[in-house]
Every structure is written in C-alpha cells, then in structure tokens.
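Colleague: Okay, here's what each chain looks like letter by letter:
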Amino acid sequence: MISFRSPFTHQMGWGRTNCSLGISLDNFEELPGVTQEVLSRGAIPSGRFRSYGDSALNSGGVNINSNKFKKIDIQTDKGIAICGSGVTIGELEFAAHLHGFLPAVVPGTGYVTLGGAFASDIHGKSQQSKGNFSDHVTQITLIDSHGIAHEYTSDSAEFKATAGGMGLTGFISELHILLEAVEIPVIYQKEIRVKSLKEMLSSLVKVENEFPFTVAWIDLSGKYHGRGVVTAGRYASKDEVRKKYNLDYRFQKHDKPITIPFLGRVNVMKKFMIRVFNSLWYHKPVKCGLISFRKFMHPLDSISNWNLLYGKSGFIQYQFVIPSLESDFLEEVLLILREFEISSAVTVLKKFGRGGSGYLSFPIPGWTLAMDFPAGTKNLSKAIEILDRKLIANGGRVYLTKDSLLNIDAMKNMYNELEEWKQMKRKMDPACFWQSDQSRRLELC
Amino acid sequence: MLNALKQFQNVLLIGGKSEIGLETLRNVQMVANAKVFLLGRQIEVQDISIEGAQIFRLNYDISDSADRIEVISKLMDEMDFDLVVLAVGYLGNQPNLSTLRQNQEILNLNFNHSAEVLAFVAHRLKVQKHGKVLILSSVASVRPRKGNYVYGAAKAGLDFLARGLQLDLEDSGVEIYIARPGFVHSRMTNGLIPAPFAISAEKAGELCAKGITKSKKVFYVPGVLRFVMFIVSVLPTRILKRLN
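Quick mapping for you: the protein sequence lines, in order, are chains A and B. Using my numbering, you'd call the opening residue of the first sequence number 1 and step up by one each time. Using my numbering, you'd call the opening residue of the second sequence number 446 and step up by one each time.
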C-alpha cells in the first residue's frame, strides 16, 4: 500500500527549544530501506529524548531508537545486571530491588534509558561518594556503523570515548552494570533550611560524611540571597524502617505520575510565578524521616509533563561545574544573574567528588549548579555568554546533555580531552556516520 | 545548526557585495564567531566586516555556468547552512528595445541564474531539513513600470518561483522568506531619482532581519509599501499612466 505520510517526524529535546525532522527506526535491519539522501545525514542513537537540547536529534537523518532493547538479567551472585540499552533507570531499579539490589548512581529522573545514561555519563545525588554512572559499568556492547557488535571493557579507550560521548561513537546495545546490595529501598532523609550561599556550602560539606546522597536547592528569584534547602539522605536500616514501612516494602510496578492538563501553549513560569513557587518551596516544612528511594531520587517524576510549564518556546537548562570548593565563583554567578534580572525556576547545587572516566565526561571535582531559564528570558544570551567566558577562565565546563547554546570555541576550551576523543571518534567511526544536531553545532565530527 | 535561542551559526550571502544583504546579516541574531560566507565578484578586495562573525570571502560569478552551482555545492557539502540570503541584483539601464542584449543580461542575472541557484539551495536545505532562505525580490515585480519593466519581469519571475517553493517546502523544515524592497539608497540606485518611501540600506537591512525573525513569508521594505503597492496594483492603467 502506498503511504502518503512523510516518514519524517518532529522530534524535540526535553527543553523543547530544539526541534528537528528525522526518521525514527527501531532497529538496524530497517536501515537499508532508507534513501541514500537520508543516510548521508547519518544516524544518532536515541532513547526517550530526555536530554534537554539537541544531542538526540538528527535533522534530516535517522534516529535509531533503543526502545526494543529491553533485556534485564540480574545476576545476584555477582551483583551485576546485564541490561539492554533501552531499559530505563526506573525499570532497572524495579527489577533490581526485588533481588535486594539497587543501582549505585541514579539521576533526578527515572525515565532515562541506560544507553543514554552511559552516553551522557550521568551523575546523581551520590556523585561525591560513588562517582558517575560509567564508574559502575564493567562492559558495554557497541554496534558500529556497519551493524557489527563489539564488546568493550571499562579499561579500553573505546569505552572511555563512549562514556559521555553523546552517542557519537556507536549504538550501545547492552551494558553490564554493577549493583549495590541494599537492605531495604528506603532512605532516611534530612532537610536543612539555609539562609545564605555560604551556609549552604558549609552544610553540604558537613553532612556528606554521614549522608552519601546530598543535594541543595537554591532560590534564584527576587533578591538572590542564596537561600535554599539542603537535602541529605542515606539508606535506612531495617530497625529504623520497622515503624513506618513493612519490612518487605516494594516499589509499585507502575507509578502513576500526575499529568497537568492544558499545558504547552503559554509559559506559566513567568518571573512572578517563579518567585511565588520559589518562596513556597523555601518555606515548606523541612522534613527529617523516612522516604521511599524513588521519591527521594526522582522528585520531578511525580509530574509527567513538567517541561510543558514553560509553554511553546520551552526552556534552557544550563548546568556547569567549577573546579573549586570556594564560594567566590558561585557568588559571582548569582551577582551576574541578579544584574540581568534573570530568574531560574529550579536551581540545584551539588558537590562533585571526583572526575568522570570518559574523555567527555562532565564531572570534575568542585561545585556544580544547574539552572532552568524560560527560553524567552530577556538578556539570557548575554548572561550566558558572560558565564561561559568566566567558566573558561576558571577551568569550568558546561554539561553537554543539557547544552543547547554552547559554541565551538567555548567547547574546545572547556573539554581538555576533546582532541583525544576526536582521535577515537575518527578511529571508531571513520565515515562519521554517527552524527547529531549537537555534533554539527559543535563540530564534533 | 540553530541553537536554542534560534541564533544562526553558518550563513551564506549570495551576492556578497549587496548592501541590503550585508546590513541584513548585521541585524540578524548570530552566535559568537558565526561563519559568514560572502560570494561575489572580486569580493576578496572588498573590506567587509560584521561584528562578532568570521567572514569568508569567495570569488563567485553567478553568470559563470561552471561555477554557479559548483561553489555552493562544495560549501554545502561541508556544513549545514542556517540562513542563505539570495541578494543578486542588476538593475541595468532604462529598457530600450534597441539594447536587447542588455535586457537579456538583466533577465539572466536576476532570474535565470538566480532561479537555478535558488532551486539548488532549496533542494539542499530540503535534504538537511532545516534552514531559512531570504530572497530579495522588489516592488518592481508587482506591476510593470515604463522605467524598469525588464528588471521587474525578472524579479517577478523569481518572486513567483519563490512563492511556489514556499508551497512545495511546507512542513519540510525549510522556510523561504521574500522581501520586496522599494527604493533603497545603494550602489545599485546611485544617480537615480529617489522614488517615494525611499530608505537607506541600513534601514532596509534592519527591516529584512525583522522579517526573518518574525517568520513573515512575504514582506515589503518598508512595510507601508504593502498598502501602496496594493493600490498601485488595482489602479486602472489609464490613471497609473498619468501618475507616472
């Protein structure tokens, strides 16, 4: 039957600022059916399109989706999980916790795929104590542009190029993930309300000995005092849990997140609303007590379409890391944003303990700050240009998974192992088949 | 590629010496160190700068049949272009039946060659599924005037083709914008008596950039000419002749 529908579909990053027309395929067998013209635009592996910018988009080209790679095999004797790349973090958590295990590194959302998590070399609330996602992966299976599978262990250069390599070295089909044994998937959480940035940094450092999971939320609206809430957590012991939870506590198989209706056209997060929201969040009662692992790790997952709050024009997420444990740079950032009267709805501060193993891994020891700006914010490009310049001068860098604004020169100055990565890219993919809108923007191939 | 703030990264100006074209590029939003390629005859000797952008000048003669597509094709193989401005224009002298050869040149430059280039660019952008094209048409294309009907005929042809491409490229990710400037003070109109609503090239560029930002499919420069040209196009010939 003749289909009059165009095979191209609109694809968007989670921030909804970048939109591309691409062809989505479910596996490699469908590749020969694509015209030469489309193949000349290359392909990019994609998962759930949860990266904020254009790293999973390929305008005019192919997206090879990992949704069919759903194998989960938990080997309890070795404490590893052999998973397909299309399995999401949430699915892995569910499967693992039934056997008394959990992944050591989980991000702020459970909806990302493992392939994407590895290609972004994600970090979580446990970064300072447990490192990045790729530190807990022992082996990957990578499919090259000819459809041939290769296995790489964590000591190989190909593994290092793929961890944080934004999917530009090949299609990850399988990963061996080290799990950690957990008594019960419940967290003892402690929240501390702080009045200034200095207080926030010192309490983050103070709590990290006792609590492996730490994060802080800052109020970046109104007068920018740097006030906020520090959240720390550790696995609860069975004795603590006995009072509140059954000892055989299990996650629900299908969490039902709230979907807010009528969103997507108008930006709800105006400056006033951001201020109200931030003020409420700051003044909410601080909790100390038990909380489910999922609720603690993935707070934003309770609303399935929160990215639509920013309306049609979307939002820009800007996350940087600065290799210093002093507060000077962060205070300067706050000052710059306050001068330009830019507000951020959700701002998260965290301490990184060690660097990533990949050539393009984002983490380096220091402070990292993630901010959300509505795309229509006035003076945003000017402010970000200044921030980029200051970051480069201080040896900092921007997170590629969240980036949608970086330029080529800034990228070269931020990632000092870029040349090594490019060499590996040329070796692993000489025809430059794997490309994305981001790789074109930053000339990564 | 466009970034999240829709700033251009790679820009191509065909007719690199065009004052309106250059002023447009000075007014559109570009990323820091954006690459701007200027194609034009003996453009290497020109001193052109655009703040915050890297300029690449390439000698290009649109009347050279071997080079016409080749140069652009090579450039487009290397990178994705976000904005292509087609600003080739040749006014020539007042039409005269005895100077048929010159009339042919006006038609060739403004229509035949430009149309070939436009069709090629549109096809390449369609493959990459993104990109914007700005075509500098002219108000002369709306209704013939005794003074410039050959130029008007050529621009009308290009204008028509561009509007056809707009239909063809709908939902392909490629956007085509048509600017119809009135009398603009520039090298091309040097020595001519200014028509009503004449503006400077700087102002024209600013308005063209605004048209691109606002995604206007067909716009007049300045905007007031939309109403003027509407009246001109519906006036009976008898009255129009008298106004001339």
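FYI, nobody ran anything at the bench for these hints, they're computed from the structure. All residues carry an ideal CB built from backbone N, CA and C; glycine is no exception. Some hints here could point you the wrong way.
[As the list claims (entries may be wrong)] Restraint ranges, calculated between C-beta atoms of paired labels, are given here: (1) G264/A to Q549/B: 52 to 60 Å; (2) K70/A to Q491/B: 44 to 52 Å; (3) K686/B to K378/A: 47 to 55 Å.
[Said to hold, decoys possible] Computed far set for chain A versus chain B, every beta-carbon distance over 12 Å: (4) I23; (5) E29; (6) G60; (7) D144; (8) D255; (9) F373; (10) L380.
Colleague: Among the hints numbered above, which are violated by the structure, and what are their numbers in rising order?
Modeller: 2, 4, 6, 9 and 10
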